[in-house]
Amino acid sequence: MAVLSLLSAQGLSIKFNGLSALSDVSFDVPKGQVRALIGPNGAGKTTLVGLLSGRLLPSSGTVHFDGQNVTNWPSHKRIVQGMGYTFQITSIFETLRVHENVALAARRHQMRDTLVNEVVEWALDRVGLAEYVNDIAGDLSYGHQRLLEIAMGLAQQPKLLILDEPTQGLTESDIEAFKALIDDLRGEVTVLLIEHNMDVVMQVADFVTVLESGQVLFEGVPSDVKASALVRAAYLGGANAKA
Amino acid sequence: MMSDSKKDCFAHGGVLLFLFALQFFLPAYHHGNMARIMVLASYAIGYNLIFGYTGLLSLGHAIFFAAGLYGSGLAISQFGFSVGVALVIGVTAGCVLSAVIGALALRTEGVAFMIVTLMFAQAGYLTVLYFGEYTRGDEGFVLAHADRVLWGVSLSDQTSRYFSAFSLFCVSLIMCLALVRSRFGKVLIAIRENEERTQMLGYNVVWYKFCTIILSGSISALAGATYALLFGYVGASFASVEYSIYPLLWVLLGGAGTVIGPLVGMIFMFYLIDLSSGVTTAYMLVAGLVLVFLAVFAPQGVMGEVRSRMWKWLS
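Quick note, the sequences are listed as chains P and A, same order. Residue 16 in our numbering sits at position 16 of the first sequence; the count goes up by one each step and never skips. Residue 1156 in our numbering sits at position 156 of the second sequence; the count goes up by one each step and never skips.
Simulated from the structure, these hints should not be mistaken for lab results. Watch out, some of these pointers could steer you wrong.
Said to hold, decoys possible - Straight-line distance between alpha carbons at most 20 Å, and here's what the computed SDA-like set of lysine to any residue pairs gives: (1) Lys-1186(A) with Leu-1057(A); (2) Lys-1186(A) with Leu-4(P); (3) Lys-1312(A) with Gln-81(P); (4) Lys-77(P) with Lys-1312(A); (5) Lys-1312(A) with Asp-135(P); (6) Lys-1186(A) with Lys-159(P); (7) Lys-1186(A) with Gly-138(P); (8) Lys-1186(A) with Val-133(P); (9) Lys-1312(A) with Val-119(P); (10) Lys-1186(A) with Thr-167(P); (11) Lys-159(P) with Asp-24(P); (12) Lys-1006(A) with Asn-134(P); (13) Lys-1312(A) with Asp-139(P); (14) Lys-77(P) with Lys-1006(A); (15) Lys-1186(A) with Val-119(P); (16) Lys-1186(A) with Leu-96(P); (17) Lys-1186(A) with Asp-113(P).
Claimed, not checked - Stretch-level coverage of chain A by chain P, calculated; a stretch enters the list once three of its residues show a Cβ under 8 Å from a Cβ in chain P: (18) 1182-1192; (19) 1203-1217.
On a predicted model such as this, the values are computed, not experimentally measured, just so you know. Glycine is no exception: its CB is placed at the ideal position from the N, C-alpha and C atoms.
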């Protein structure tokens, strides 16, 4: 299993002003998997993603990506290596056109402008924003801005796509489209999905990692997670209970 | 229908053509003014690359202008080099200095970046005063007419001065236009709009900023060196904090992040002070009021407003 891992974290810990946000987190994401990362608010999900993508550096532990030790690499270098990242809080180029937003993502790896345009068209088509190509990104609705951000992730043609709460603020129909998109990408690209919406997690994830208080609480397929008394107590049985 | 890209090129080409033709119609007084304006507008174009396109607020660009000014001025006055060599020395001085200052200042961000660049420029200004024996400090020194001859053409002659200033402006404007339309320039705009996102698209943001500071510093130095050669005066006032603030004002007035904005802002500011000082001694009050008026009603600067209201294709 470890040989086939695209992403592997070993013993990751990080402290903020002496407070431990993550301690000794280890997990592996095999190539081609759709992995969900869940946990109650404050469990350390976004911190963990920050460490994986290089926006934060760990106090101890290592991160391996695509066969390389990337622990001390700056984030832009990891992205060149094949990580795609979308922000939890929508982060797009609001004053630029939708086309230029996606083109900036594509240009880094495509040298010819015609190929860039093809990638842009393909990525916008996949998230269903093709008709907005000439709009100013900031004029899009919130949900569409989220989708644009995913299109920017796709246009990087990453090996690993990290999606930080992608369905937050999306309408029901947008969420359905998102689920279809992930199903569509399955096998093509490895996905690490940080998600609050349990329906989405249960339906699209191949495997789930549950974080709680900065540690890995449970790992398993969605049905096991649902059945686990441990997870139920820590998360599903708490204030967020829905399932 | 012309493509947006073509319209953009034609518009900027038209401005250059207009400036070229202008010399045949202008009376002597304005002829000299325009030469000065074009040189200083080239300085502002250099500044606009870092401020208007990349979003880095430098308060110390006078040191790059002065590096060119003193680099070429001292090369002639102290070492007797020819005009061509002096020009190369001036630009090289600005290039090296911007690499050193860029490498250090880019370790900071935001307000700290402003302060660090300001302090470097002050250090440069004080260095000029410290070596007063060679630079003659505030008083400055004059380059003799006989020393300002390039390929047999005297640069102090009015026609050749206008033409030299025009050539410099052409080089600066075309470089800037080509740059901002290139992939590199589009990344700079992306950095200005959302630096974190640009980094997370896999661009080495610090490297892009570093290259732009060197380019910006070198264009500023080229303008400084040309100023010394065309107008024959080299003085410490050009290294002072005013000359770091001026390009910021010109660019803001004309439109930050527009290629032609620096020229428009420079012309506007120059003639605003020129005309109001003919009417009242409180001309800075007039200038101040107009600036406030513009900041309130045209916050994007003249060309910025033109772009957002009429010509959306303008680079």
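How the hints compare with the structure:
no. : hint                         : verdict
1   : Lys-1186(A) with Leu-1057(A) : holds, 19 Å
2   : Lys-1186(A) with Leu-4(P)    : violated, 37 Å
3   : Lys-1312(A) with Gln-81(P)   : violated, 36 Å
4   : Lys-77(P) with Lys-1312(A)   : violated, 34 Å
5   : Lys-1312(A) with Asp-135(P)  : holds, 13 Å
6   : Lys-1186(A) with Lys-159(P)  : violated, 25 Å
7   : Lys-1186(A) with Gly-138(P)  : holds, 18 Å
8   : Lys-1186(A) with Val-133(P)  : holds, 17 Å
9   : Lys-1312(A) with Val-119(P)  : violated, 25 Å
10  : Lys-1186(A) with Thr-167(P)  : violated, 29 Å
11  : Lys-159(P) with Asp-24(P)    : violated, 25 Å
12  : Lys-1006(A) with Asn-134(P)  : holds, 19 Å
13  : Lys-1312(A) with Asp-139(P)  : holds, 16 Å
14  : Lys-77(P) with Lys-1006(A)   : violated, 36 Å
15  : Lys-1186(A) with Val-119(P)  : holds, 17 Å
16  : Lys-1186(A) with Leu-96(P)   : holds, 10 Å
17  : Lys-1186(A) with Asp-113(P)  : holds, 13 Å
18  : 1182-1192                    : holds (count 5)
19  : 1203-1217                    : holds (count 3)
Violation of the numbered hints given earlier is confined to hints 2, 3, 4, 6, 9, 10, 11 and 14; the remaining hints are satisfied by the structure.
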